[in-house]
Amino acid sequence: MGSAATTTSTAQDSLQKRAKQDMNTSVSNEDMKRAADIGITVLLATQPNGPAKVPMYSNLKHAYAFANAASNDGVEAGVRAATQSVVTSEVTSESAEATVTIAQNAVTTAAEQETVRQGVDAANKNLQMPSEQATEDTLAAVMSNGADALSKPRRSEKESK
Amino acid sequence: MSDTFDLSADAQQDNLQEFMEVHGPEGFFTVYFRQLLYRFVKQELKSAADDIEGVGEQLYFTEDGDQLLTKHREELLDQCEVRARELVEELTDHPTLGPAITEGNIEAIDTHQEEFVEGVHRCFENWKATGIELLDDIESSSSEENGE
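So the sequence lines, in the order shown, correspond to chains A and L.
Each residue of the first sequence is one higher than the one before, counting from 1 in our numbering.
Each residue of the second sequence is one higher than the one before, counting from 1 in our numbering.
So here's chain L without its partners, still in its complex pose (with noise of 0.2 angstroms):
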């Protein structure tokens, strides 16, 4: 990230007590899945430049590059706080974690290891099906375009 780093202990508390109260839990948990599926993203657009050409490698490696990389960075990041948001919904909307996670309680949150994978896996399922039928779209109408 490029955020600066001139603040005080004081300061960054402060940030946190700021953050907390607009946002609460829900909103720890959003930022958290909003840069993890950012970095999984491109951790695979990076992994993909090996046996595939494509430009991907570029967004990886300039980190600091020119406005136009950075416009990319952000739409990314803007997609993935769509479904980071998607999934914290599925999450809260659990009757007994849901709880858990808007109140912050860790303990409680703990106890329901099993049900946030399991939350976490039944929102990724839902998102493989329509995945699948993204990639699918755009072969058929290649197919189409090429008179196949």
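Next comes chain A alone, as it looks inside the complex (with noise of 0.2 angstroms):
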């Protein structure tokens, strides 16, 4: 490694420092606006580029191509659409949270698979816990809250300063 490269490696780590401490700093100071901003801003902003959002797109699209066929014609169908050729359990008999997690493991299967046929390096874990988390999250307050997971839509606004 270079002495240019290792310079941006020790700035880098100092900004995530100095964010770290200064989200702790806003939490204990209830300011929950500023630690997501420095969080997202700073943190997730100085993430590797590249190949490391592969995991955030494939958990997204798999989730919505169970999302988009189960609205349709009912949670089997979504969980065939997210996994294609994956085999899947099934799912009409089984209890509504074990929906869910069945939904959400075949979109990670699927996602996973995608990923490493990308050729993207398993060390991107920074990413890809979040995604799998999210597409849970996401599964999870659809199907149980309908359009009141999201609030009513505000497409032009911008008020995170």
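Simulated from the structure, these hints should not be mistaken for laboratory data.
We put the beta carbon where it would ideally sit given N, CA and C, even for glycine.
Within a straight-line C-alpha distance of at most 25 angstroms, the following computed DSS-like cross-link-like pairs (lysine-lysine) qualify:
#, chain 1, residue 1, chain 2, residue 2
1, L, 46, A, 17
2, L, 46, A, 33
3, A, 33, A, 17
Far from chain L by the CB rule (all over 10 angstroms, computed), these chain A residues:
#, residue
4, 8
5, 83
6, 105
7, 109
8, 112
9, 113
10, 116
11, 117
Please dock the two separately framed chains into a single complex, following the hints provided.
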């Protein structure tokens, strides 16, 4: 590693440490807006680009494939759509909680297979875990709460400052 | 999440239909990114606990904690939703990826994976600049208070 790369890496580490300290101070001060903003705009935004984003993309795509098919033809059709060729479980007789888990597992499996096919380094865990957790959260929220899973549309709103 | 799971498969399908009719594919993308940002922020709060003394760990470990922590999580989620909407707006403004998302056309979305990753990257780059300003602002105000 050359000196320029080392300097960049050191600067990055310092930036991330400052951001984590700031986030915790913000939580102490009950300023959750700032804690979220620092986490997202510094720590998330400084994650590696390119292949690191593939798990994020893959989980979203397969989760959407599930939701789209399930909303039209039922949750079993959703699981088939999410997994395509992957063998799936019978879901109609399962409990609702189990259905969410089956759907989430189907999406995660399909996303992992796609990620591996694209040669993404398994070390990119910083985004992979939140991507998988977001899949389960999203499916549970939408399947349990319907339209209330999201507040009313506010497409042009930008109030983050 | 704290959702209850006492619904039949038909009721779940009805909820999915209702969500799609009201919010569309963009809404689904927004919920997903809201939850991803929220999970990432919580992950980073937890990882800070080892080397930085802070209260982020409490937020993480008291999943079903008292009302104050519930309020904090809701505030975190609200801010994550604001950012998620910005990100989805950036993606849907793209000339070719945008229509694929708003139409919910998965095959078309898949042909634009590169544009998706680029769009996310561009949005993050914009956020990074403002994030560093946020960090620097508080440090410069601390220096002023200390008479430096």
